[in-house]
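The listed protein sequences correspond, in order, to chains A and H. To convert, count from 1 in the first sequence and add 1; that's this note's numbering. With the first letter of the second sequence counted as 1, position 226 gets the number 210 in this note's numbering; the numbers rise by one all the way through.
These are calculated hints, taken from the structure and not from any lab test. Note that the coordinates shown come from a computational prediction; the quantities given were computed from them, not determined experimentally. Fair warning: there could be bad hints in the mix.
Claimed, not checked - Simulated DEER-style distance windows between Cβ atoms: (1) R(-3)/H with G34/A: 38 to 48 angstroms; (2) R79/A with A228/H: 51 to 61 angstroms; (3) R91/A with P248/H: 57 to 67 angstroms; (4) R(-3)/H with A114/A: 49 to 59 angstroms; (5) A8/H with A135/A: 26 to 36 angstroms; (6) R0/H with G143/A: 30 to 40 angstroms; (7) G80/A with T143/H: 54 to 64 angstroms; (8) R0/H with M2/A: 36 to 46 angstroms; (9) M2/A with L77/H: 56 to 66 angstroms; (10) G173/H with R79/A: 48 to 58 angstroms; (11) M2/A with G87/H: 46 to 56 angstroms; (12) G173/H with G92/A: 51 to 61 angstroms; (13) P183/A with A1/H: 27 to 37 angstroms; (14) D(-4)/H with D238/A: 19 to 29 angstroms.
What the hints assert, rightly or not - Residues from chain H that keep clear of chain A, each with C-beta distances beyond 10 angstroms, as calculated: (15) Y37; (16) E45; (17) E57; (18) F58; (19) Y72; (20) S78; (21) R82; (22) E109; (23) E140; (24) E172; (25) E201.
Ideal placement from N, C-alpha and C gives every residue a C-beta, glycine not left out.
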Amino acid sequence: MRIDVNAFFGAYPYRRVPGTTPESVSNAMKRVGIDQAWVSHLPSLFSADPAAGNAWLYDVAATDPRWRPVPAIHPGVRGWESVLRAATDRGVPAVRCDPGYYGLEPAGEEMRALAAACGNARVPLMLAVRLEDARQRHPDDGAPELAGAALRALVRSDRRVRLIVTHADRALIEEVHFGSTPEEAARLWWDICWIWGPWEDHLGTLLETMGPERFVFGTGQPLRLPESSVAKLDLLDVTPDVRAAIESQNAMRALGS
Amino acid sequence: MLVDVHAHFYHDRTSRADWRERNASRLRAGEKVGISTHVASILGSWGRTSPTYFPSPADLEYGNDALLALCREFPARIRGYAAVNPNYTAHALSEIARCLDAGMIGIKLAASRRATDPLLDPVCEVARERGVPILHHIWQHRRRDWPGQEASDAAELATLARRHPQVAFILAHIAGGGDWQHSLAALEGVPNVYVDLSGSGVDGGMLEACLASVGVERLLWGADLTLDTGWAKLRYLERLLDGAALERVRWKNAARVFPPGAFPHD
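So that you can see chain H by itself, here it is in the shape it has in the complex (with noise of 0.2 angstroms):
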C-alpha cells in the first residue's frame, strides 16, 4: 500500500488545455510508483475565474464536483479532500458537508486566510465532529506576505492546531519550498500535526531532519506537482527506515489519520 496524502486533478474549466493529459499522467505515473490511493483536491478553477488561493464558492463547487466524479471514475484509486474558502464560512461549511457525505475523506484549506484567523475555527469544528483531518497549505517559514496568497507558516499552523487538539492537521509538502527546518522547530511539542513530504525538493539531509524532529509516527508520503521527487524520497526512506517503519510513512500513519475505512485495504 502506498497512500500520497497530497495529489491534485485538473478539470475542463481551468486554464490547462492539457488537463485529461495532466491527469492522465498522474495516474500512469502513480501505477509506476506504486500508489494505491491518491488521496487529492483541486482548487476551484486553479486561477481560471478566480484565484487558485482564493477561490470563489462556485469554483470551489465546481471543483469538488469535478473530483467526486474523479472518485467515482477511480474508485479504489482516488479519494477527495473537500476544498474551501474559510472567508465564506456558511458555503465552507455546506460544502464540506455535501463533500463528505458524497465520500470525501478529509478537508483541503489552502491560502484563503491565515491559519491563526479565527475564521478557521468553525471549519476545524466540522473537522472534529466528522473524523477527518485538514491538509493546510503551507510556505515553510513565511518572512513576508506573498502575493496571491494569504500564506501560513508552520508557526501559524501549530497555533491553530493547538487550540483544535482533537482534530489532525497535516502540514502541507514539508518540501514544497521555503524554509523547512524553520517548519520543523516549530512542530515540537503539537502532537496533532503531521508532516506531509511532498514537494519538488530533495534536499539531502531533509528527511533525515523529518524523522530526527517529528518521528516516523507523523510523517506521510506525498507527492503534490512533482511524482519523481516523491519517489525519490520513498526511495532514500526505504535506506534509512525498516521495513516497519516504512510501512508507517507508506500508509498505516494515513490510515490512523484519515477515517477508518477511508482506503480500500486498510
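Here chain A stands alone, though its shape is the one from the complex (with noise of 0.2 angstroms):
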C-alpha cells in the first residue's frame, strides 16, 4: 500500500506543467505504483477564495475511490468555519492552508485559529513550504517559503493540531522537530519529496536521528516527478516495516486511525 499525501489536480499559474488532469495524475499513480492519492486543487492555493475549487475538487475525487479530497481553507475569508465543517463531513483525510500565497501571516491570528478549529475537528492542517525551488520561480511569485518558527508556533499554539508540512528540506525538518517538545512534535509528519537522498543522505540520515514515524510519502505531482519519491526509498537500506510505515501506516495514524 503507498500513499501519495501530496498531489494536485488542475493548473499551475507561473509556468505549463503537463499531467494536471485528473486523468494524467490516475496515469501517473499507476506508474509509479501509488494506491490512494491525497489531492489538492491546485489553484486553490493561490485563490481569493477557494471555495469554488473545493466544490469541483469533491466532484472528481468522488469519481475514483483512489482519490481523497484535501480542501484548500483561506481563514482570512468569511466563512471558512463552514468550509471546515463541510470538508470534516465529508471524512477528509486533511485540508490545507499554505498562508503565504493567500497573503496571511503563517502563524497569525487567522493561521492560529485554523489551526484550533482544525484541531477541534481532529482533522490534520496540511502546509507547503514551498512548491518550486526558490531559485527557480517566477519573478511574481513572491510567496515567501514557510519558516520553521511558523511551524513551531502553529504546533504550539493548539495541543491538539496535527500538522501535515510537505515539501521541505532536512535543515527545515531537523529546526522544528528539535525544536519542539516530544509531545508537539509527536503531532507533526513531513512528506519526503523535498528531502535528499544520496549521495548526501539526509533522508537516511533523518530516518536515523528522528525514526520513521514522522514521515509520509508524498510526491508533489504533478509539478514533481512522482518517480522521484519513489527512488528516494528504493535508494534506502531500510526494513520492510519501515518501509510501509512511510509509505502508508504513518499517514494513516495522522488520521488517528
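Put the complex together from the two separate chains, hints included.
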C-alpha cells in the first residue's frame, strides 16, 4: 500500500506543467505504483476564495476511490468555518492552507484560529513549505517560503492540532523537530518529496536521528515527478516494516486511525 | 551502460568529516541505479582552504590528485574532469595537461570567471587540441550576481560556445535550480552545447522541454548531488523514449562527447 499525501489536480499559474488533469494524475499513479492519493486543487492555493475549487475537487475525487480530497481553506475569508465543517462532514484526510499564497501571516491570528479549529475537528492541517525551488520561481511569485518559526508556533498554538508539512528539506525538519517538545513533535508529519537521498543521504540521516514515525510518502505531483519519492525509498537500506510505515501506515496514524 | 557525466567526490582536506561515507554512498547508490561510470570532479578543498567556486591552485592540485587516486582505485567506475581556475591561466593550462596525461577525460570550469570572459579562451583552445569536453557550472538564468561565485548562465555559455565551435560544452545541471526554460531557449542554434540533466529538480515538464528544445542527441544523464532525483529522471525517460533514444541519453551521447575509449565498453 502506497499513499501519496501530496498530489494536485489543476493548472499551475507560473509555468506550463503537463499532466495536471485527474486522468493524467491517475495514469501517473499507475505508472509508479501509488494506490491512493490525497489530492488538492492546485489553483485553490492561489485563490482569494478557494471554496469554489473545493466543490470541483469533491466532485472529481468522488469519481475514483483512490482519490481523497484535501480541500483548501482560507481563514481570512468570511465563512471559512463552514468550509471546514463541510470538509470534516465529508471525511477528508486533511485540509490545507498555504498562508504565503494567501498573504497571511503564517502563524498569525487567522492561521492560529484555523489550527485550533482543525485540532478541535480532529483533522490534520497540511501546509507546503514551497512548491518550487526558490531560484527558479517566476518573478511574480513572491510568496515567502514557510519558516520553521511559524511551524513551531502553529504546533504550539493548540495542543490538538496535527500538521502535515510537505516540501520541507532536512534543515527545516531538524529545526522544527528538535525545536519542539516530544509531544509537539509527535503531532508533526513530514512528506519526503524534498528531502535529499544519496550521496548526502539526508533522508537516511533523518530516519536514524528522528525515527521513521514522522515521515510520510508524498510526491508533489504533477509539479514534480512522482518517480523521485519512490527512488528515494528504493535507495534506502530500510526494513520492509519501515518502508511500509513511510509509504502508508504513518499517514493513517496522522489521521488518528 | 549508464554514464553519470556530473559526479563529485570529497577528500580528506575538505570540511567534511564524513567524506569517506559520502564517497562510499555515491558508489553504493550508483550500483543500485546501475551507473557504469561516474565522471567526477573535485572543486579544490570544497571551501575549506579556498572558496569552492574560486579554488586556489594548491587546492585544485590536491583535489585533482585525490580524484586521480580514486580513478586508480576504481579504474572501471570513475573517470575525471580536471578542475581549474581560469584566473590562474598558466596554472590552469599546466594542470589540464597534467591531469589529461594522467588519464582524465574532460575539463571542469566552475564559477571562477564569467563564461564570456576572454580568459576562458586558452582553456577552450586546449580542450579543442586535446579533444575533451568542458563541463561548465551554470546558474539557470542568472538575473544578478550571487555571492560566492561568478556564475554564468546559458546565454553566457552560448557566447563562449560560439567562439569555440569545435569544443563540446556541457551545460551543468539543468535541474540544479534557476529558470531552466531560459537556458533551453538560449541553446537554440548552439549545437556544441550539451545539456546535463543532473540537479535536485524533478519538475514536471522539464524533460519534455529538454527533448523539445535541444533534442535527444544533446542530452546527457547525470546526478550531481542527488542520486535519487537522477534516478527518477531516468525512470521517467524510460517512459518517454524508445530504447535507442534512451541509450543515447544513458551513455551513447557521452561516448560521442568524451574522447574515444573514455569508457570501458564504448
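Consistency of the hints with the structure:
1. R(-3)/H with G34/A: 38 to 48 angstroms: The hinted range 38 to 48 angstroms holds for R(-3)/H and G34/A, with Cβ atoms some 44 angstroms apart.
2. R79/A with A228/H: 51 to 61 angstroms: 60 angstroms, holds
3. R91/A with P248/H: 57 to 67 angstroms: 58 angstroms, holds
4. R(-3)/H with A114/A: 49 to 59 angstroms: 54 angstroms, holds
5. A8/H with A135/A: 26 to 36 angstroms: 31 angstroms, holds
6. R0/H with G143/A: 30 to 40 angstroms: Once the Cβ atoms are compared, 35 angstroms apart, the range 30 to 40 angstroms for G143/A and R0/H holds.
7. G80/A with T143/H: 54 to 64 angstroms: 56 angstroms, holds
8. R0/H with M2/A: 36 to 46 angstroms: 38 angstroms, holds
9. M2/A with L77/H: 56 to 66 angstroms: 59 angstroms, holds
10. G173/H with R79/A: 48 to 58 angstroms: 55 angstroms, holds
11. M2/A with G87/H: 46 to 56 angstroms: 49 angstroms, holds
12. G173/H with G92/A: 51 to 61 angstroms: Given about 56 angstroms between the Cβ atoms, the range holds.
13. P183/A with A1/H: 27 to 37 angstroms: 28 angstroms, holds
14. D(-4)/H with D238/A: 19 to 29 angstroms: 26 angstroms, holds
15. Y37: Y37/H is indeed farther than 10 angstroms from all Cβ atoms of chain A, at 15 angstroms.
16. E45: 24 angstroms, holds
17. E57: 17 angstroms, holds
18. F58: With a cut-off of 10 angstroms, F58/H remains clear of chain A, as the shortest Cβ separation is near 15 angstroms.
19. Y72: 29 angstroms, holds
20. S78: 31 angstroms, holds
21. R82: Correct as stated: the minimum Cβ-Cβ distance to chain A is 27 angstroms, above 10 angstroms.
22. E109: 32 angstroms, holds
23. E140: Per Cβ check, E140/H is outside 10 angstroms of chain A; nearest 16 angstroms; holds.
24. E172: 18 angstroms, holds
25. E201: Consistent with the label, E201/H stays out of reach of chain A, its closest Cβ about 22 angstroms off (over 10 angstroms).
Of the numbered hints given earlier, the model fails none.
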